[in-house]
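Here's the letter readout for the chains.
Number of protein chains: 4
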Amino acid sequence: MAGNSIGEIFRITTFGESHGEAIGVVLDGCPAGLHIDLAFLQQELDRRKPGQSSITTSRKENEQFRIISGVFEQKSTGAPIAILIPNEDAKSSDYEQIKEIYRPSHADYTFDAKYGIRDYRGGGRSSARETAARVVAGAIAKLLLKHYHINVTAYVSEIGKIKCSTEYSLLNLADTEKSLVRCPDKTVSDAMIKSIEKAKKEGDSLGGIIKCIVSGMPAGLGEPVFDKLHADIGKAVLSINAVKGFEYGSGFAGTKMKGSEHNDTFTNQNGKVVTTTNYSGGIQGGISNGMDFYCNVAFKPTATIAHLQQSVDKKGNQVEVAVKGRHDPCVIPRAVPIVEAMIALTIADHLLRNKTTRL
Amino acid sequence: MAGNSIGEIFRITTFGESHGEAIGVVLDGCPAGLHIDLAFLQQELDRRKPGQSSITTSRKENEQFRIISGVFEQKSTGAPIAILIPNEDAKSSDYEQIKEIYRPSHADYTFDAKYGIRDYRGGGRSSARETAARVVAGAIAKLLLKHYHINVTAYVSEIGKIKCSTEYSLLNLADTEKSLVRCPDKTVSDAMIKSIEKAKKEGDSLGGIIKCIVSGMPAGLGEPVFDKLHADIGKAVLSINAVKGFEYGSGFAGTKMKGSEHNDTFTNQNGKVVTTTNYSGGIQGGISNGMDFYCNVAFKPTATIAHLQQSVDKKGNQVEVAVKGRHDPCVIPRAVPIVEAMIALTIADHLLRNKTTRL
Amino acid sequence: MAGNSIGEIFRITTFGESHGEAIGVVLDGCPAGLHIDLAFLQQELDRRKPGQSSITTSRKENEQFRIISGVFEQKSTGAPIAILIPNEDAKSSDYEQIKEIYRPSHADYTFDAKYGIRDYRGGGRSSARETAARVVAGAIAKLLLKHYHINVTAYVSEIGKIKCSTEYSLLNLADTEKSLVRCPDKTVSDAMIKSIEKAKKEGDSLGGIIKCIVSGMPAGLGEPVFDKLHADIGKAVLSINAVKGFEYGSGFAGTKMKGSEHNDTFTNQNGKVVTTTNYSGGIQGGISNGMDFYCNVAFKPTATIAHLQQSVDKKGNQVEVAVKGRHDPCVIPRAVPIVEAMIALTIADHLLRNKTTRL
Amino acid sequence: MAGNSIGEIFRITTFGESHGEAIGVVLDGCPAGLHIDLAFLQQELDRRKPGQSSITTSRKENEQFRIISGVFEQKSTGAPIAILIPNEDAKSSDYEQIKEIYRPSHADYTFDAKYGIRDYRGGGRSSARETAARVVAGAIAKLLLKHYHINVTAYVSEIGKIKCSTEYSLLNLADTEKSLVRCPDKTVSDAMIKSIEKAKKEGDSLGGIIKCIVSGMPAGLGEPVFDKLHADIGKAVLSINAVKGFEYGSGFAGTKMKGSEHNDTFTNQNGKVVTTTNYSGGIQGGISNGMDFYCNVAFKPTATIAHLQQSVDKKGNQVEVAVKGRHDPCVIPRAVPIVEAMIALTIADHLLRNKTTRL
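Sequence lines, in order, name chains A, B, C and D.
Just remember that our numbering sits 11 ahead of the position in the first sequence, which is counted from 1.
Just remember that our numbering sits 11 ahead of the position in the second sequence, which is counted from 1.
Just remember that our numbering sits 11 ahead of the position in the third sequence, which is counted from 1.
Just remember that our numbering sits 11 ahead of the position in the fourth sequence, which is counted from 1.
Keep in mind that the hints are not guaranteed to be accurate.
You can't tell identical chains apart in this list, so a pair holds if it fits in one copy or across any two.
[Unchecked claim] Computed cross-link-like contacts, DSBU-like style, restricted to lysine-lysine with a CA-CA straight-line distance of at most 35 Å:
hint : residue 1 : residue 2
1    : K189      : K172
2    : K157      : K269
3    : K110      : K189
4    : K283      : K335
5    : K157      : K212
6    : K269      : K189
7    : K86       : K366
8    : K205      : K325
9    : K197      : K326
10   : K157      : K189
11   : K174      : K366
12   : K366      : K209
13   : K269      : K174
Keep in mind the hints are simulated off the structure, nothing from the lab.
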């Protein structure tokens, strides 16, 4: 009931603070017999880690994970899978300065307001470091989905005002990982990199949008009326740090269409029911229809900037904040595997839930 | 685990199909001692019901509710509150025609794909009629929130391409109910009505956007890291029929701002910590900070239109669908109380959850 | 989270008070496609209803149920199944006398202490009338179990000091329903009836023990380490009014055996792994092994007696209580279908849960 | 939904196998601001650990725990508390012998039947080693209960056929820890020790009964109708390895009493409502009434014995099993802190749940 778990059957609980001994995750409900590919888990973690390139933070988090339980002879046993990712390179002293001060648009004030106590070191529990735990669990979800031929892929479609307008089906998504900013369109990618470098120089930060596509979806996933597939996916991605919005299928733009334009006509394609357009984003009535699911996730610009800012301290005094530390001018590229992880976890959960639907 | 419940402590379970005997809801976890104002419940239901005006469906649903349990001498007792809303005016025969046919962008196909059986009469469980149960439960949530001086208000900000661009704080939200389309700006409201009348004549439908504001919020609501307040609200509204997107605070537009523009500066206002801007939408790190919460909810154009459409039947044959029945060219105005209900339910739940946070 | 739901996938929520309009239940998670045999549901309800014979209360509860939703053309659709059982013959005036008084060993005091408000009419929510809702939902669980060839049967093995010592495998359980007290051993049954008649004359009440056997169990049900099959069954039966104890397999008597006597030897019976004894009660490590599950459930003597009793009222004054009303001197025979229902519900839930265990 | 979590608000998830790197627990929902007394946690763990005395196993488990998260400057922060207890002295080779063989009355066969894969080393997930994680989490629950002046104490009341018949209120429970078998009655304790020594010599094992008392209970805990306080406690203790039965208050013996004997008369004691007897065990209608809660928990004799036993292997062949390893002839004394832990966890959860009951 406390909020550190998500999923009903394929269910994760994360724990750990930015500057504690480790962060970690317990995954309960992974079906027994799944081959756990350790190299793949590491690879997914590496996609999220800081210090990947010149445009990310120079802070080094060496994401070495250890599986504590639930895997035997490289297979899931049905027991809970606990994974630890030790924290390294934690410079707590960087944070002494903000012990008594509320950084603008950070969670410092709200954590104090809620709990009356706060592990201020590096943002503590509210640090995005927690998302490493999501990524490693999401990698296991992806392994399960692969078994069912379901594929989850995301890329950066917007950074600040730079936008990749090409429809996803016309992009070569295999190129995403070749781009420093994880945008598969080379021209747009270059423009994005420049804008991030500019923001970095200015001590400022940028937001952006990540698009995620799920292909190979079976029909039938989603549990009306509240646990509709897109509602659970929406919650899962909205729980990621800095996310401000979620839309799927035609999304906000679809509100401007007429019903006669927006309706997706069914047709019979070699014995399979498909739609000729896909404004529905692969979901009707909260249940997948077998077409691609796709969605956009909006990230605000990172709150941590180098500028001197006005704020208050714990006692309510007006103060100026100058956050030192080492931070990303734009976290969106590193958020790509996090979005994929949260969506993979949600679909894995619904795959299992759907196994109990019919006699 | 099946998807017909939402909320952890203040928790509802809805049941019922469009053309069955009744729809209803069980609310478990309402604190004992709350005065249940029956007139208010009726008033909220009336805001949602069809046949309110010339621009909505002529279908009549007389929303007479009955409280079956959990209320004694007009107060909640702590026992589950069950409420029934009998179905009337159900013309099942209208639906015989679509028994074997999948209406485009409806849930007919996906329900069959998932369950292998479908109560086709009036959309059955996937009908928006189910939302009446949400509204009556949401009315009880509002009564609880009123006790804590929290107020949830929504209005229609866009219908199709007609948009109310005025910031919500400059509108007189008390005017919302005076407008047939629930837009408090008279000029925009008139334009919206015209566009709906046009769509009605064309046998077409329109989508739109609802904005919801929560004022009087205490600081401290929300349960990181997954049950962040906005994540749970997002799921709650995404579970409403026809919703395609959700954004809060600066939302998608915020992705185009720089951190230095977007950060909300804290200041001390007569001893209370407030922010000078509110791009955060009243939430930081998933926890409310005491400022207004506000969000936009995107609705697609209604799938039910008068046009002749191509589709397939259960056997996979290509067919033409002409849906008779009586339907709304635009459901957005009637969805205003539904959005309010889902958000009120979510905040009521988090209010109670937060009672256990500190020693 | 409030306590009126049980089960994870096959999940029921009950509602209603003794003297309100109706009691009822919502069953969410019943697999689609199950034939709902209405006559069987009625038959199960009739086994629980009062006024069955000279030894039960003369109070008449006509258990006419109505299915409100979730069943279409006599099959479950996957939507929540709501069932109402209207209350009749409710003489609230009988209870005016105890409005301000705490009856000994009833829930009057504790409900007031917890909720600060109490629907005192007929015990309100704490009345055993609520168990009718469990029985009708349990009947659906039994229909699901029959599909898997699992059979749940209970009988009365002890009333007060009268005991049926014959091992269950030597009894003809088909005779249970022929006995007024639901004990399949004719001689013991007669002695039990006499002891109940005596208690009735004395205005006193008796307790007893119900034994329940589940045959046809598949191996593999139960979810370690907390949701062990017997732990969930134990909770389910302990939640029945008046239950004071639960034991399964060798139970309390098994504590006096040595390991060498108690261990159940495995053997191969025509290719199936079975045990030669069954002290384990069909469960090892919390998971069913395919042998019979069996358990004992202890019921205290009914708290409602005709005797004049000492107590206190709401203001703390010493008072004398004389409860009129019409009550059972011994509820154990009527509790047999309730025990079966709670166990059937739990096993149905675990059957579905187990579907997600392996890749 | 997988079974490795228990509790609704104060909720634990355990993980880890007997011979893996570590076992551990995540406690989510501990209120912020609780002083975490590390010495007390260690002391509780030490009460459970093997090798405490001549009558327990010589196997050494050095229960050194590490808090990974959720505690800052010795206080709970409201974030999940993760605790690791590394495994030491793991002789996996001892278990190669039982890799393919199903030990009688162990969970070897059922784990294989359920999951199709089994970490056979030391019983893997079904090992009682998992209970160390419960004990350390239970110690935190006890710290919370102490804050509310609630005290949970258990002792061994029976070992095999040796019984302590003195009523608990006449015993000096402070003497429990002075006894090797945790029985506060010196004479009975000595007899128990002798019987265990005899069983050890014979290569056999003994069962027994643990009684647990909770004093200082507030009135109002428990959530009807399913999450009655005793039902949740019952489930919690039934989930402990080797438990076969649970009774509270008058329990099974109460079934032989008449209502007029069994009813607990209310009286006013200096302004507090109390009962003159306590057959109810401090609970009426599933809600605590402020009197002591007390219960008995039945443990079967340990399945691991030195005798040569008949069984089958994975292929269904008849085999003889001779389990070497180092095991306890009687685990009951070491189970005392486990019973206390599970009951403390359940009451802590209900304390928090009850905070949301009233307006």
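Cross-check of the supplied hints:
For a Cα distance limit of 35 Å, the shortest separation of K189 from K172 inside one copy, 22 Å, qualifies, whereas the shortest one across copies, 39 Å, does not. Neither within a single protomer nor between protomers do K157 and K269 lie at most 35 Å apart by alpha-carbon distance, with minima of 37 Å and 38 Å respectively. Within a single copy, K110 and K189 get their C-alpha atoms no closer than 40 Å, and across copies no closer than 47 Å, so neither meets the 35 Å cut-off. In this homomeric assembly, K283 and K335 come within 35 Å of each other (Cα to Cα) only across copies, at 27 Å, whereas the closest approach inside a single copy is 57 Å.
Taking the shortest alpha-carbon separations for K157 and K212, neither the intra-copy value of 41 Å nor the inter-copy value of 49 Å comes in at or below 35 Å. For a Cα distance limit of 35 Å, the shortest separation of K269 from K189 across copies, 26 Å, qualifies, whereas the shortest one inside one copy, 39 Å, does not. Taking identical chains as interchangeable, the C-alpha atoms of K86 and K366 lie at most 35 Å apart whether they share a chain (21 Å) or sit on different chains (19 Å). Taking the shortest alpha-carbon separations for K205 and K325, neither the intra-copy value of 38 Å nor the inter-copy value of 53 Å comes in at or below 35 Å.
For the identical chains of this complex, K197 and K326 are neighbours neither inside a copy (50 Å) nor across copies (45 Å), given an alpha-carbon limit of 35 Å. In this assembly of identical chains, K157 and K189 lie within 35 Å of each other by CA distance solely inside one copy; the values are 22 Å within and 54 Å between copies. Taking the shortest Cα distances, K174 and K366 never come within 35 Å of each other, neither inside one copy (40 Å) nor across copies (44 Å). Proximity of K366 and K209 under a CA criterion of 35 Å is satisfied in neither setting, with 50 Å inside one chain copy and 46 Å between copies.
Proximity of K269 and K174 under a CA criterion of 35 Å is satisfied in both settings, with 26 Å inside one chain copy and 15 Å between copies.
Of the hints listed earlier, those the structure fails to meet are numbers 2, 3, 5, 8, 9, 11, 12, in rising order.
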